[in-house]
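For the record, the sequence lines run as chains A and B. Once you know that position 34 of the first sequence is 34 in our numbering, the rest is easy, because the numbers rise by one and skip nothing. Just remember that our numbering sits 118 ahead of the position in the second sequence, which is counted from 1.
Keep in mind that a hint or two might mislead.
Derived lysine-lysine pairs resembling DSSO-like cross-links, with alpha carbons at most 30 Å apart [as the list claims (entries may be wrong)]:
#1 A/K44 with B/K174
#2 A/K11 with A/K83
#3 B/K174 with A/K11
#4 B/K175 with A/K71
#5 B/K188 with A/K11
#6 A/K44 with B/K188
#7 A/K78 with A/K44
To give an idea of the interface, some chain B residues facing chain A are shown, with a C-beta separation under 8 Å as derived from the structure [said to hold, decoys possible]:
#8 P126
#9 Y128
#10 Y140
#11 P157
#12 L213
#13 G216
#14 T217
Worth flagging that the hints you see were computed from the coordinates, not collected in a lab. It should be emphasised that the depicted structure is a prediction, and the values quoted were computed from it without experimental measurement. We put the CB at the ideal spot given by N, CA and C, even for glycine.
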Amino acid sequence: EAGVAQSPRYKIIEKRQSVAFWCNPISGHATLYWYQQILGQGPKLLIQFQNNGVVDDSQLPKDRFSAERLKGVDSTLKIQPAKLEDSAVYLCASSHYTLGDSITDTQYFGPGTRLTVL
Amino acid sequence: GQQVMQIPQYQHVQEGEDFTTYCNSSTTLSNIQWYKQRPGGHPVFLIQLVKSGEVKKQKRLTFQFGEAKKNSSLHITATQTTDVGTYFCAGLMRLIFGTGTRLQVFP
């Protein structure tokens, strides 16, 4: 089966500019995740969707970050305006299902988008 | 808030030596997942542990979930150069990745 697709793979912008990332999960996967991975650190969950509803966005900096998954398939993550500390790899992952807080199916990660903010 | 820490942060081993990384959570976890990330790559799922005290094996890899469901370990027997990468645990309740252990294997 096709994996998780992300675009673009690389993006360089100046601070205060806007940027958007796109993710296409594995077909049939209900749950979609966006992570931020700063160099040398583990992935940090930004937002988790179950179909087109938000399950967890507690660590999403909502003053500048937004995400949507309108039709329960593709998703976009936007940063507006970007700051220097937003430089990171943004990973999208999907899984078949999540049952509340207890069980999460295997997550399949996309290749990520490497964002550099100058 | 909930934290998931891993030790050691880095480990350099000679090929053939064993390797262990430990994952510790500040809160009880419903289950725990382990991932491997090769340099420049993305995390790849290895295994999920659900039951208290559970032990699972995948060839040379042995995973264990603590009795209190607050810690876990990954042990690699006789490391190979293909084992190079960063190993992350990820704990649920809210999905939180550990700090990772970077493994370097010298031939």
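Checked hints:
1. A/K44 with B/K174: holds, 26 Å
2. A/K11 with A/K83: holds, 14 Å
3. B/K174 with A/K11: violated, 40 Å
4. B/K175 with A/K71: It is violated: about 39 Å lies between the C-alpha atoms, which goes past 30 Å.
5. B/K188 with A/K11: violated, 38 Å
6. A/K44 with B/K188: The hint holds at about 19 Å.
7. A/K78 with A/K44: holds, 16 Å
8. P126: violated, 14 Å
9. Y128: violated, 10 Å
10. Y140: violated, 15 Å
11. P157: With Cβ-Cβ at 11 Å, over 8 Å, it is violated.
12. L213: holds, 5 Å
13. G216: Interface hint status for B/G216: holds (6 Å vs cutoff 8 Å).
14. T217: With a closest approach of 6 Å, the B/T217 hint holds.
Consistency with the previously given hints fails for numbers 3, 4, 5, 8, 9, 10 and 11, ordered from lowest to highest.
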